[in-house]
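**Student:** This is what each chain is made of:
There are 2 protein chains.
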Amino acid sequence: MELLKKKILEEGIALDKDILKVDSFLNHQVDVKFIMDISMEFYNYFKTKKIDKIVTIESSGIAPAFATAYRFGVPLVILKKQHSSILNQDLYETKVHSFTKNTDYMLTASKKFLNEGENVLFIDDFLANGEAVLGANRLFKEAKCNLSGVGIVIEKSFQPGREKLESIGIDIYSLARISKLDKGVIEFK
Amino acid sequence: MELLKKKILEEGIALDKDILKVDSFLNHQVDVKFIMDISMEFYNYFKTKKIDKIVTIESSGIAPAFATAYRFGVPLVILKKQHSSILNQDLYETKVHSFTKNTDYMLTASKKFLNEGENVLFIDDFLANGEAVLGANRLFKEAKCNLSGVGIVIEKSFQPGREKLESIGIDIYSLARISKLDKGVIEFK
Numbered sequence: 001m002e003l004l005k006k007k008i009l010e011e012g013i014a015l016d017k018d019i020l021k022v023d024s025f026l027n028h029q030v031d032v033k034f035i036m037d038i039s040m041e042f043y044n045y046f047k048t049k050k051i052d053k054i055v056t057i058e059s060s061g062i063a064p065a066f067a068t069a070y071r072f073g074v075p076l077v078i079l080k081k082q083h084s085s086i087l088n089q090d091l092y093e094t095k096v097h098s099f100t101k102n103t104d105y106m107l108t109a110s111k112k113f114l115n116e117g118e119n120v121l122f123i124d125d126f127l128a129n130g131e132a133v134l135g136a137n138r139l140f141k142e143a144k145c146n147l148s149g150v151g152i153v154i155e156k157s158f159q160p161g162r163e164k165l166e167s168i169g170i171d172i173y174s175l176a177r178i179s180k181l182d183k184g185v186i187e188f189k
Numbered sequence: 190m191e192l193l194k195k196k197i198l199e200e201g202i203a204l205d206k207d208i209l210k211v212d213s214f215l216n217h218q219v220d221v222k223f224i225m226d227i228s229m230e231f232y233n234y235f236k237t238k239k240i241d242k243i244v245t246i247e248s249s250g251i252a253p254a255f256a257t258a259y260r261f262g263v264p265l266v267i268l269k270k271q272h273s274s275i276l277n278q279d280l281y282e283t284k285v286h287s288f289t290k291n292t293d294y295m296l297t298a299s300k301k302f303l304n305e306g307e308n309v310l311f312i313d314d315f316l317a318n319g320e321a322v323l324g325a326n327r328l329f330k331e332a333k334c335n336l337s338g339v340g341i342v343i344e345k346s347f348q349p350g351r352e353k354l355e356s357i358g359i360d361i362y363s364l365a366r367i368s369k370l371d372k373g374v375i376e377f378k
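In order, the protein sequence lines correspond to chains D and W.
The first sequence finishes on residue 189 if you use my numbering, and the numbering steps up by one all the way, no holes.
The second sequence finishes on residue 378 if you use my numbering, and the numbering steps up by one all the way, no holes.
One or more of the hints may lead you astray.
BS3-like cross-link-like pairs, simulated, lysine-lysine; straight-line CA separation at most 30 Å [claimed, not checked]: (1) D:180 <-> W:290; (2) D:7 <-> D:183; (3) W:195 <-> D:183; (4) W:270 <-> D:101; (5) D:33 <-> D:21; (6) D:21 <-> W:284; (7) D:81 <-> W:372; (8) W:333 <-> D:81; (9) D:33 <-> W:333; (10) W:290 <-> D:183; (11) W:238 <-> D:141; (12) W:195 <-> D:111; (13) D:81 <-> W:290; (14) D:21 <-> W:301; (15) D:81 <-> W:284; (16) W:238 <-> D:81; (17) D:17 <-> W:270; (18) W:270 <-> D:47; (19) D:183 <-> D:47; (20) W:300 <-> D:5; (21) D:112 <-> W:372; (22) D:50 <-> W:222; (23) D:183 <-> D:141.
Just so you know, these hints were derived from the structure itself, not from any lab.
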């Protein structure tokens, strides 16, 4: 998506081989009009599928996921991150490893909000190692939900997330795919 | 706002004198159409003021704040919660006590996104003790921003938040004001 690539080149700050700061429009300050515009891209790509709910993970996925849920006219479910296991019969829970922060966290969802047979579209700001999506997908499987697709604002294509997800048949649509990142360097696929 | 009161009575779960769960439409699952509708209330109340930015705190304020920013056509700034001080010359930082969780956290904002002379409208899901808003206001003062008002989805009027904020001249607009809460009991002001 050219509009997003332009925005990333203008406002993104590439700190090193791993870190791209886009906190002027996506993570910290949010360019709401822009996010509403790009959510139409997700809608256009996935609109032929049956989508009952949008799902994301707190907190930086919430803005693009909210906008996408608005486009589809469906509810949004925000998966929660916990520091430790809070085993509870009303919750689905799975451990996720964050390579970015080199820590584990527990990803949880109330059983009330993921129901058998529901078709969910997962939206997030970044795709890198794919561990967050895989964790979410474990919750969906436990709830017997169907993951209809994954919409990502910025994919780091040089990391193995897409490969892992495609290998288990997940349909991923990324609005921008970055092939190379380094201090001051941003290249697109 | 009658629509919100009705929703709270239908879907809210009052657990005790302090805790109202509204995770079916506001916190965990988000009724996006409903949140977009109620954001018009904030717009109508505050539209005569000059509003340059909407500000909220991650993560449960993001959905109503995003919707309100969309109504005003302005950016959203999401203040971050940190577990410990991360003193950094590029950040504003202040300690906030959470009575709900009985812990302290550091509230932070990048200096880039709060600028001198800006008029900000603070939006959050709940107002109880007011400590989060007071913390945000300390960051605004440091940045020389002007807090134009505070919009709250659900106010617990039996707690001292409103009194503290009004005593320093803050204009608060709450969409629902709960005067009494107890197991199975929800009463409005």
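**Student:** Which earlier hints turn out false for this structure, listed by number in ascending order?
**Tutor:** 1, 3, 8, 10, 11, 16, 18, 19, 23
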